[in-house]
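Colleague: From first to last, the protein sequence lines are chains W and S. Anchor point for the first sequence: position 34 equals 34 in my numbering, and the numbering is continuous, going up by one each time. Position in the second sequence counted from 1, then plus 1000, gives you my numbering.
The set of hints was computed from the structure by calculation and includes no laboratory data. Treat the hints with caution; some may be incorrect.
The list that follows gives simulated cross-link-like pairs (lysine to aspartate or glutamate, DMTMM-like), each with its CA atoms no further than 20 Å apart [said to hold, decoys possible]:
(1) Lys-287(W) / Asp-76(W)
(2) Lys-287(W) / Glu-1139(S)
(3) Lys-95(W) / Glu-84(W)
(4) Lys-1135(S) / Glu-90(W)
(5) Lys-287(W) / Asp-1144(S)
(6) Lys-30(W) / Asp-76(W)
(7) Lys-287(W) / Glu-1146(S)
(8) Lys-1135(S) / Glu-1085(S)
(9) Lys-95(W) / Glu-1085(S)
(10) Lys-1135(S) / Glu-1146(S)
(11) Lys-287(W) / Glu-1142(S)
(12) Lys-91(W) / Glu-1085(S)
(13) Lys-287(W) / Asp-1143(S)
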Amino acid sequence: MITLEWLYILTGFFFAAWSILSALDRTNGKRWGNAAFWGLLAVSFFFGTHFPDLANGVLVLALVGIAGFGGLGRGDPPTTGLAERQALSEKLGNKLFLPAIIIPVTAVAGTLLYNYTPFGETGLFEERRETLILLGVGVMVSLAVCYAWLRPPLLAPIEEGRRLMDSIGWAAILPQMLAALGGVFALAGVGDIIGGIAGATIPEGSLFLSVGVYCIGMALFTIIMGNAFAAFPVMAAAIGIPILVIGFGGDPAIIGAIGMLAGFCGTLLTPMAANFNIVPAALLELKSQYGVIRMQVWTAIPVFVCNVLLIYFLAF
Amino acid sequence: MSYWPLVGIALVVIGFALRFNPLLVVAVAAVVTGLLGGLELVPVIEALGKAFNDNRYISVTWIILPVIGLLERYGLQQRARTLIESVRGATMGRLLLLYLGFRQITAAIGMKDIGGHPQTVRPLIAPMAEAAAEKSHGELAEDDREQVLGMAAATDNVGLFFGEDIFFAIASILLIQGVFESYGYPLTPLQLSVWAIPTAICAFIIHGGRVLNFDRRLGQRTGKAGGVA
Chain W
1 MITLEWLYIL TGFFFAAWSI LSALDRTNGK RWGNAAFWGL LAVSFFFGTH
51 FPDLANGVLV LALVGIAGFG GLGRGDPPTT GLAERQALSE KLGNKLFLPA
101 IIIPVTAVAG TLLYNYTPFG ETGLFEERRE TLILLGVGVM VSLAVCYAWL
151 RPPLLAPIEE GRRLMDSIGW AAILPQMLAA LGGVFALAGV GDIIGGIAGA
201 TIPEGSLFLS VGVYCIGMAL FTIIMGNAFA AFPVMAAAIG IPILVIGFGG
251 DPAIIGAIGM LAGFCGTLLT PMAANFNIVP AALLELKSQY GVIRMQVWTA
301 IPVFVCNVLL IYFLAF
Chain S
1001 MSYWPLVGIA LVVIGFALRF NPLLVVAVAA VVTGLLGGLE LVPVIEALGK
1051 AFNDNRYISV TWIILPVIGL LERYGLQQRA RTLIESVRGA TMGRLLLLYL
1101 GFRQITAAIG MKDIGGHPQT VRPLIAPMAE AAAEKSHGEL AEDDREQVLG
1151 MAAATDNVGL FFGEDIFFAI ASILLIQGVF ESYGYPLTPL QLSVWAIPTA
1201 ICAFIIHGGR VLNFDRRLGQ RTGKAGGVA
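So that you can see chain W by itself, here it is in the shape it has in the complex (with noise of 0.2 Å):
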């Protein structure tokens, strides 16, 4: 069966190979940061299975260190120039969109096959885990296509690649971290005191309050998260069963539905919710790292405002 651990050691071997092309690259004046930077990731992905718990914490401890301290640079490995592309697009013309297509076709076609054909019940990927088993698969295939119909240099995917990495920098692991946060707050049980708090300014009797408070206890609570999905079971709890369900005698499907929704608003805001507002920023090197959520603060709003009506329109 191949599981999960297949595909972490092979983005295992990504980041070494980034490691140590970094650590090559005299044109980066913190190289060895870059190095040490990629190289503690690779690690990561090849044994953090296998490491103690405390092992991967001071792992992410020297990860942050190194970030957190100025000491990633960005290498500039050679590459072709502007002109040069322009004449090879115009030579190659659309099939260089076909590469690009072969991983994500790969990953939703091989889905959909694994899920709803007898292939599933082979059992060749682990549970839960196909689609992104099949990412993995998908950039495989693309870069053997690659390999034999442009006959690159044989590391320039790999410095492609890297030149991409080291303009994302730190902003590559946030979101990983953020999750690591998470974990934190649970533990010391963040969640149930925002709920308290949320339960306890909870106006008596007035069912647009309610429903206003709940969408805005799932959006703030969002916000510091990051994701819905941390928020969701505390306001549920807090709010929405006691109060929306039970006292106001609402429809659960409604409440539960358009309340996560309305969580959803709350990751358009935020920077927490890094892989979609941070990391973007930085892949399309944007001066501003908050250029992406400044355009999704008035559609993140009104959709907020239409979610309360909804739930206080149709739940009720």
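Once you have looked at the hints, place chain S on chain W.
Modeller: Relative to chain W, chain S alone:
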């Protein structure tokens, strides 16, 4: 109940506002929260390490970068621009509107991995949006260009968030189901996911209206008429 663990949240807010390195802010907040929550230092570091390790799957997606980078080396972004420039009547507003609908519908039928920031936004949607905006409005000022790119990424997020919950076999729907079941309200995923549709329609109208309006305002700012009306 002690409110002390909330200090960690305050640290995050202050740290982000003062533009300290976010990794540093998050690590400090985690340690402080754990300590104020009554844990010892070593268990806090262990918890941090365990959660980081358990969430490695989030960072696996970076293995896509070599493919994207290689294709960019051979002119993928330029190709994306040429393609959109060759489509008659293509404007940034219409492009993003179309992508929004595409992203919502594909996510709604379970294909949420078909888009995403490394996969589609950086190599395809962002350069297309920029090229389409330049086609209608001429050379963009730096701030306007940033906004166009930001809007491309925002559109991917909005399409994903307000499409994926219509698909019944998605983690958030299963979470809602699990929570309500534990309080004695058995619901099927399908019962829940149909109620994601009204919000999805609102999000399409609101964000779709915004991208069209953004395109129009960009035209007014640059002084050139907006695309074909």
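Colleague: Each hint needs a verdict: does it hold in this structure or not?
Modeller: Results of checking the hints against the structure:
no. : hint                      : verdict
1   : Lys-287(W) / Asp-76(W)    : holds (19 Å)
2   : Lys-287(W) / Glu-1139(S)  : holds (18 Å)
3   : Lys-95(W) / Glu-84(W)     : holds (17 Å)
4   : Lys-1135(S) / Glu-90(W)   : holds (19 Å)
5   : Lys-287(W) / Asp-1144(S)  : holds (12 Å)
6   : Lys-30(W) / Asp-76(W)     : holds (12 Å)
7   : Lys-287(W) / Glu-1146(S)  : holds (8 Å)
8   : Lys-1135(S) / Glu-1085(S) : holds (7 Å)
9   : Lys-95(W) / Glu-1085(S)   : holds (17 Å)
10  : Lys-1135(S) / Glu-1146(S) : holds (16 Å)
11  : Lys-287(W) / Glu-1142(S)  : holds (10 Å)
12  : Lys-91(W) / Glu-1085(S)   : holds (17 Å)
13  : Lys-287(W) / Asp-1143(S)  : holds (9 Å)
In summary, the structure agrees with every hint in the numbered list given earlier.
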